[in-house]
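There are 2 protein chains.
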Amino acid sequence: MSKILLIFSGGMDSATLLWKLLTDGHQVDAISFDYGQRHIAELESAKQMITYTEKNKNMKIHHDVIDVKPIFIHINSSSLTNPDIEVPNCYYTEDIAKITVVPNRNQILLSIAVGIAAARKIEKVAYAAHAGDWSIYPDCRTEFMESLKETTRLSTLWHPVEITAPFIHMTKADIVKQGLELGVPYILTRSCYNAGNLSCGTCPTCVERIEAFKLNDTTDPLNYKIH
Amino acid sequence: MSKILLIFSGGMDSATLLWKLLTDGHQVDAISFDYGQRHIAELESAKQMITYTEKNKNMKIHHDVIDVKPIFIHINSSSLTNPDIEVPNCYYTEDIAKITVVPNRNQILLSIAVGIAAARKIEKVAYAAHAGDWSIYPDCRTEFMESLKETTRLSTLWHPVEITAPFIHMTKADIVKQGLELGVPYILTRSCYNAGNLSCGTCPTCVERIEAFKLNDTTDPLNYKIH
Chain A
3 MSKILLIFSG GMDSATLLWK LLTDGHQVDA ISFDYGQRHI AELESAKQMI
53 TYTEKNKNMK IHHDVIDVKP IFIHINSSSL TNPDIEVPNC YYTEDIAKIT
103 VVPNRNQILL SIAVGIAAAR KIEKVAYAAH AGDWSIYPDC RTEFMESLKE
153 TTRLSTLWHP VEITAPFIHM TKADIVKQGL ELGVPYILTR SCYNAGNLSC
203 GTCPTCVERI EAFKLNDTTD PLNYKIH
Chain B
3 MSKILLIFSG GMDSATLLWK LLTDGHQVDA ISFDYGQRHI AELESAKQMI
53 TYTEKNKNMK IHHDVIDVKP IFIHINSSSL TNPDIEVPNC YYTEDIAKIT
103 VVPNRNQILL SIAVGIAAAR KIEKVAYAAH AGDWSIYPDC RTEFMESLKE
153 TTRLSTLWHP VEITAPFIHM TKADIVKQGL ELGVPYILTR SCYNAGNLSC
203 GTCPTCVERI EAFKLNDTTD PLNYKIH
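One line per chain: the protein sequences are A and B, in this order. Going by our numbering, the first residue of the first sequence is number 3, and it counts up by one from there. Going by our numbering, the first residue of the second sequence is number 3, and it counts up by one from there.
Hints may contain errors.
Note: identical chains are not told apart, hence a pair may lie in one copy or across any two.
Quick list of in silico lysine-lysine cross-link-like pairs, DSSO-like style, CA-CA up to 30 Å [stated by the list, open to error]:
1. 179 x 57
2. 227 x 126
3. 71 x 49
No lab work stands behind these hints, which were simulated from the structure alone.
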């Protein structure tokens, strides 16, 4: 089984991918990014999930939180990073996604992950983009991912790194289904776009998450402010 | 004439591109990156060149230096960023380039520039990669640049940004020729890979630069330690 560098946000998708990769026998290094996101609590969740997983699986997981705020302070046109722009309260639509998009965020974060993987001689970067994402954000769509894979292949000829996005054709409900089978402790994950100790229950990502559990005939174990 | 975001290292290629774009009537924002490069003096050169150019052309140029050290501290397998690995003293060969390559550096820096351009509604990112570069480093080659352009087009559908590399088919000597015609003050530029106030005159980029002036039947105005 190979070593994989996982982009790990602390949300339920990347937590499920972490557990899937470990269950499949891979060795995993995790990286999280502090990009000044309003939902900075997700980084705390990320750390807690790593600690829990290390204990549960009796292994060490190398986890770095990388400060990319000096970059994203210049890319503050999104409600995720600019406190002056409100996070919308409703289900995802293209118009809503346009308010929350951080331009080119995924290409930036994936490029960084690829550079780190190449320096560590790790041959794969895993990323938990899923079908719900790619139908909305341009930089989560399959065309983008395929193109980025090719760009990355050309860029890393001397230290080949492949990008893999195993959930790209799965819905959020499919991910929850897989995670429940794997025993992922979803109570430790955090998806909400808003600040605050409790997830809001009303922003697009909370709404999508709650629904994903309902579609699996169960309830999200998180406590929400409004539910 | 359109607005362009220029990746500006303080070296002679990007200085020439700055003067070319301004002479062609474009409005230019410049960004430089502090990635912990051993040749940090290039950032001082970058600032001096901007100040000189503003005075000479009687205009303001928005210039940001972006701290990306928290990223590149994790990508320290190169002699450009790791003080424990010596910079070679000779002409470029593939083996030499493999020691100085910072894995995926250009994709990372270009992705960041694209994100900033999108947030500022600037439609072009300019980058001074040239024929000398692309024959050696994978992430300077035309195949890589073409693929990155397409990935960027797909990523920025909502805020289209195009990457342009107008020197990609020019040699260093061609760039010097153009810069001399434009009146670029090359004495303010810095190319050396080593630390220190004076450029060394012996590292691959010093050797390449000195030769480019010779090929134009003139001498590099810089003072070198050894020449």
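Need the list of violated hint numbers for this structure, in ascending order.
2
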